[in-house]
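Peer 1: Mind docking chain B on chain A? Use the hints.
Chains as they are written, first to last, in the working numbering: chain A, 325 to 712; chain B, 466 to 738.
In case anyone wonders, no lab produced these hints; they're calculated from the structure.
Every residue gets a Cβ at the ideal spot worked out from N, C-alpha and C, and that includes glycine.
Certain hints may be false.
Stated by the list, open to error - Partial pick of chain B residues on the chain A-facing surface, computed with a CB cut under 10 angstroms:
id : residue
1  : C485
2  : L577
3  : Q604
Unchecked claim - Computed Cβ-Cβ distance ranges for the label pairs, DEER-style:
id : chain 1 : residue 1 : chain 2 : residue 2 : range
4  : A       : E493      : B       : S490      : 43 to 51 angstroms
5  : B       : S490      : A       : Q379      : 50 to 58 angstroms
6  : A       : E708      : B       : K515      : 27 to 35 angstroms
7  : A       : D464      : B       : A674      : 48 to 56 angstroms
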Amino acid sequence: MSQPSPFTFTTAAVKRGADWLRGQGADSDVVVSSRVRLARNLVGFPFLTRASRPQRQAIVDLCRERLLAAGAIGAQQMIWVDVQAAPPLDRTLMVERHLISKEHARGLVPGQPPRPDAPPPADKETNSGEPRGVAISLPDETLSVMVNEEDHLRLQVLRSGLELSAAFEHIDRVDDLLEGLCPATGGELAYAFAPRFGYLTACPTNVGTGIRVSVMLHLPALKLAGEMDKVRRATRDMALAVRGYYGEGSDALGEFFQISNQTTLGRAEREILHEFEREIIPQIIRYEREARRHLLEKRRRLIEDKVFRALGALRHARLLTPEEALALLSDVRLGIVTGLIREVTEQDVNQLILLTQPAHLQRILGRDMDQGERREARADLVRERLAI
Amino acid sequence: MHARLAGHRARTPISLTVKCDRCESEATVHEVTIKGGKRQERHLCESCAKADGLPVQPHAPITQLLTQYITSQVQATGLAGAHKPTAAGRAPPSNSCPVCALTHAQFRQTGLLGCPHCYAAFEGQLSPLLARAHDGGTQHTGKSPRRISTTQAQVPQMSPERPPAKAKSDKQPAPDVAAQPSAQAAAQLAAQVATQVASQIAETRKHLAEAIATENYEQAAALRDELIRLESPPKAARKATPTKPPAKPNAKSAGDDPAIAPSKPKVKPEEPS
Chain A
325 MSQPSPFTFT
335 TAAVKRGADW
345 LRGQGADSDV
355 VVSSRVRLAR
365 NLVGFPFLTR
375 ASRPQRQAIV
385 DLCRERLLAA
395 GAIGAQQMIW
405 VDVQAAPPLD
415 RTLMVERHLI
425 SKEHARGLVP
435 GQPPRPDAPP
445 PADKETNSGE
455 PRGVAISLPD
465 ETLSVMVNEE
475 DHLRLQVLRS
485 GLELSAAFEH
495 IDRVDDLLEG
505 LCPATGGELA
515 YAFAPRFGYL
525 TACPTNVGTG
535 IRVSVMLHLP
545 ALKLAGEMDK
555 VRRATRDMAL
565 AVRGYYGEGS
575 DALGEFFQIS
585 NQTTLGRAER
595 EILHEFEREI
605 IPQIIRYERE
615 ARRHLLEKRR
625 RLIEDKVFRA
635 LGALRHARLL
645 TPEEALALLS
655 DVRLGIVTGL
665 IREVTEQDVN
675 QLILLTQPAH
685 LQRILGRDMD
695 QGERREARAD
705 LVRERLAI
Chain B
466 MHARLAGHRA
476 RTPISLTVKC
486 DRCESEATVH
496 EVTIKGGKRQ
506 ERHLCESCAK
516 ADGLPVQPHA
526 PITQLLTQYI
536 TSQVQATGLA
546 GAHKPTAAGR
556 APPSNSCPVC
566 ALTHAQFRQT
576 GLLGCPHCYA
586 AFEGQLSPLL
596 ARAHDGGTQH
606 TGKSPRRIST
616 TQAQVPQMSP
626 ERPPAKAKSD
636 KQPAPDVAAQ
646 PSAQAAAQLA
656 AQVATQVASQ
666 IAETRKHLAE
676 AIATENYEQA
686 AALRDELIRL
696 ESPPKAARKA
706 TPTKPPAKPN
716 AKSAGDDPAI
726 APSKPKVKPE
736 EPS
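Isolated chain A, as found in the complex:
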């Protein structure tokens, strides 16, 4: 049996929030965060769909060692979290912090039933018990590398604002480091690759560069102006995906939208990146800003009412559901970026969006809470943070 995870997110670390939420970086009035991820698989092992339990464990052991060494070489402190052994709350915390996917928290390869040889874990509803883990850079939490998600390795860099190039340079360096670590450790990670298909991935939709470039946008004015359908259609036509705050399958709550590329074969990383950074996202940013200006000019009273009403509700509510909190925080964020609200910052709002998530609330208060209790705790936390 695996040892319990030696690492856990402390209350202090949780309260501090993640670096990518600091509300800085280019165009942070519209772009909340930029993310770049690479999918990689190792030579000598089947993909996880066909990997036996010992093979999965071997992949974890191999990658953990290399990742920790890569952290040392890259002068970045990397910690390893054994996701298989991590308590449910820690796993959910990592999902809420965008460090691992929901699938990784559960340990199921999407579309795969639980393996018959997997030991029944105590919490089998939420944990398959399959060997898997994640390496995270501390204290900034900018870099995370999931081992044994859908692919052997899923590298991710997450940054505040529109910082795709910087995120790519970072992930590219880590990718090279993992691959090139031979002298000290006696071997490197050999990636499965074929000239025609590029980096080989379990799902053919990721094959090629294995890159997924995503940008989280806050588009309240376009939503209010009824222009979101146009953005959706246009991005669809460009073979891009539009998703909600928590990625695949999540709704666009609180006017937060994630836009990401779908094409990974036949287009180079930098081509995709430049198109995002120089064409697609700047255009959407322009439209959102234009819509904000238009709203302020033509419907100022309506916007003022909306944002101050939201601030008032957050400052006085005694019960808040996660959906309501996110919707109100989104309205307040609109007030901040349009200069109507000055006493609260973008970072405050970004942090609150994270801290009002269920697992964060429970870690901050240090106890398990049911839904009703969490509503109270959520309202209390928001009142405390936004107090005049």
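Peer 2: Leaving out everything else, chain B in the frame of chain A:
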């Protein structure tokens, strides 16, 4: 407000005001089919597209794409039943990966492949699917590993030339296997590759025997050719013409695809910064 997104690239010109071919509504589903070299476009609104049985979801999950593709193939060739899932290990070998034994039916169910070799094993079935999923893209371009793994040597159908290393602003392009920094490293690498190739030869021999035993001569021929290639000197192996020509790249990519050019690997011009 008249916010409109202009076309971003020539491949998918964007027009937000295309009307449905059938009615006055705005077309949201666009289909391009190439039949006998002829391009046909259809622009439909969601309800007309639904009526025509087209997927209105812009990015259908891969499983859905697969199901549609297989269904159309089965209908076209009258092979109904040929893709029925069979008990594990009992699938016809021509329809399964020789390395991990994943059957095409299993792939169809989950949308996930079993191992890196599946790409070669299912290349024929995957090619149209990849083109659909990747906006017409059929040939990798971009970063390649610092060291080309032996996967390349294990996959006979794949293109013999590696794509050019991606130019990087802050460093040299990824070196070729032949361009390792030191002779020692090169020797180490050569030894490592030799070991891997040896085990690959043994593996291929095993699969060849199995293929012959199951009278799967097409696969056996491919495996035999792969053996010949693996057993030839490494340098020659890398440059050898594949036994089967690689899947024909589509006309669009053939012209500007550096990976199929026979010249030395060249560095892609630096993108504008």
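Peer 1: Check each numbered hint against the structure and report the violated ones by number, ascending.
Peer 2: Violated hints (numbers, rising): 1 and 6; every other hint is consistent with the structure.
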